[in-house]
Amino acid sequence: MDDGSTDSTLRLLKNFAAKHNGFRVSAEPHRGKGGTVIAGVLKAKGDIVLFADMDQATPISEVEKFLPKFNEGYDIVIASRVGREGAPIIRKLMAYGFAVLRTLVLRLPYRDTQCGFKAFRREAAQKIFKRMKIFNEKHVSKGAGVTAGFDLEILYIARKLKLKVAEVKVTWHHKESERINPLRDSWEGLRDLIKVRINALQGKYKG
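Heads up: the sequence shown is residues 1 to 207, going by full-length UniProt numbering.
Incorrect hints may appear among the rest.
Unchecked claim - Cross-link-like lysine to aspartate or glutamate pairs, in silico, EDC-like; alpha carbons within 16 Å at most:
#1 K162 - E123
#2 K14 - E28
#3 K169 - E62
#4 K43 - D3
#5 K169 - D112
#6 K92 - D185
#7 K127 - D47
#8 K69 - D47
#9 K69 - E167
#10 K14 - D3
#11 K92 - D112
#12 K43 - D2
#13 K45 - E123
#14 K65 - E167
#15 K43 - E123
#16 K164 - E123
#17 K43 - E28
#18 K14 - D2
#19 K164 - E72
#20 K169 - E64
Think of the hints as simulated: they come from the structure by calculation, not from any bench.
Note that the structure is a prediction, hence the values are computed from the model and not measured.
Please construct the entire structure, taking both the sequences and the accompanying hints into account.
What follows is the structure, encoded as structure tokens:
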């Protein structure tokens with residue numbers, strides 16, 4: 001998925017796909033993480049659909065830990081970061097605070113909802129992503145936030161649908177990024193957390 005890039009990214013992707021079997025490139029208008037990931041997931045053809053952060057904070061090889069869980073009958077497998085190696089203390093404190101809030105507000109039982117490394121059975125992904133309200137194919141993110149609410153909405157809907165979710169510990173290394181703004185990202189995460197709760201109270205995630 002190319003999220004409306006303005007450099008040579010799209011050309012490089014197309015050249016790579018032309019030389020390697022099993023790859024498809026979709027050029028999309030800029031939407032940010034949420035809209036672009038949703039568009040990609042809904043276009044996916046494989047039995048298992050994975051989305052991962054491009055900075056490879058979680059190495060793609062970690063997906064090998066996920067596959068056995070699907071054989072055990074799980075519908076979704078999410079990564080849980082161990083130690084958060086290299087992350088500044090302020091980021092760790094923010095993550096802890098957000099974890100407490102999401103547990104209180106949404107009753108999500110997972111240790112780590114925010115790691116950008118998640119895999120789904122395609123059927124489960126279709127059910128979830130078609131029901132998303134805050135984030136959807138038409139959603140456009142303003143700025144370069146980390147879109148914390150995106151993962152919350154996914155996992156809340158999965159829980160409402162009674163899909164089986166496994167959480168697997170993965171290797172993860174902190175990557176510095178100018179896109180991250182602790183104050184802005186914390187506010188947006190809290191705002192989206194409240195939006196998910198309001199949508200749930202209004203019955204928008206049923207069926």
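A quick look at each hint next to the structure:
{"no.": "1", "hint": "K162 - E123", "result": "holds (14 Å)"}
{"no.": "2", "hint": "K14 - E28", "result": "holds (13 Å)"}
{"no.": "3", "hint": "K169 - E62", "result": "holds (9 Å)"}
{"no.": "4", "hint": "K43 - D3", "result": "holds (14 Å)"}
{"no.": "5", "hint": "K169 - D112", "result": "holds (10 Å)"}
{"no.": "6", "hint": "K92 - D185", "result": "holds (14 Å)"}
{"no.": "7", "hint": "K127 - D47", "result": "holds (14 Å)"}
{"no.": "8", "hint": "K69 - D47", "result": "holds (14 Å)"}
{"no.": "9", "hint": "K69 - E167", "result": "holds (9 Å)"}
{"no.": "10", "hint": "K14 - D3", "result": "holds (14 Å)"}
{"no.": "11", "hint": "K92 - D112", "result": "holds (12 Å)"}
{"no.": "12", "hint": "K43 - D2", "result": "holds (13 Å)"}
{"no.": "13", "hint": "K45 - E123", "result": "holds (10 Å)"}
{"no.": "14", "hint": "K65 - E167", "result": "holds (10 Å)"}
{"no.": "15", "hint": "K43 - E123", "result": "holds (12 Å)"}
{"no.": "16", "hint": "K164 - E123", "result": "holds (13 Å)"}
{"no.": "17", "hint": "K43 - E28", "result": "holds (12 Å)"}
{"no.": "18", "hint": "K14 - D2", "result": "holds (10 Å)"}
{"no.": "19", "hint": "K164 - E72", "result": "holds (10 Å)"}
{"no.": "20", "hint": "K169 - E64", "result": "holds (12 Å)"}
Every hint, counting from the list given before, is met by this structure.
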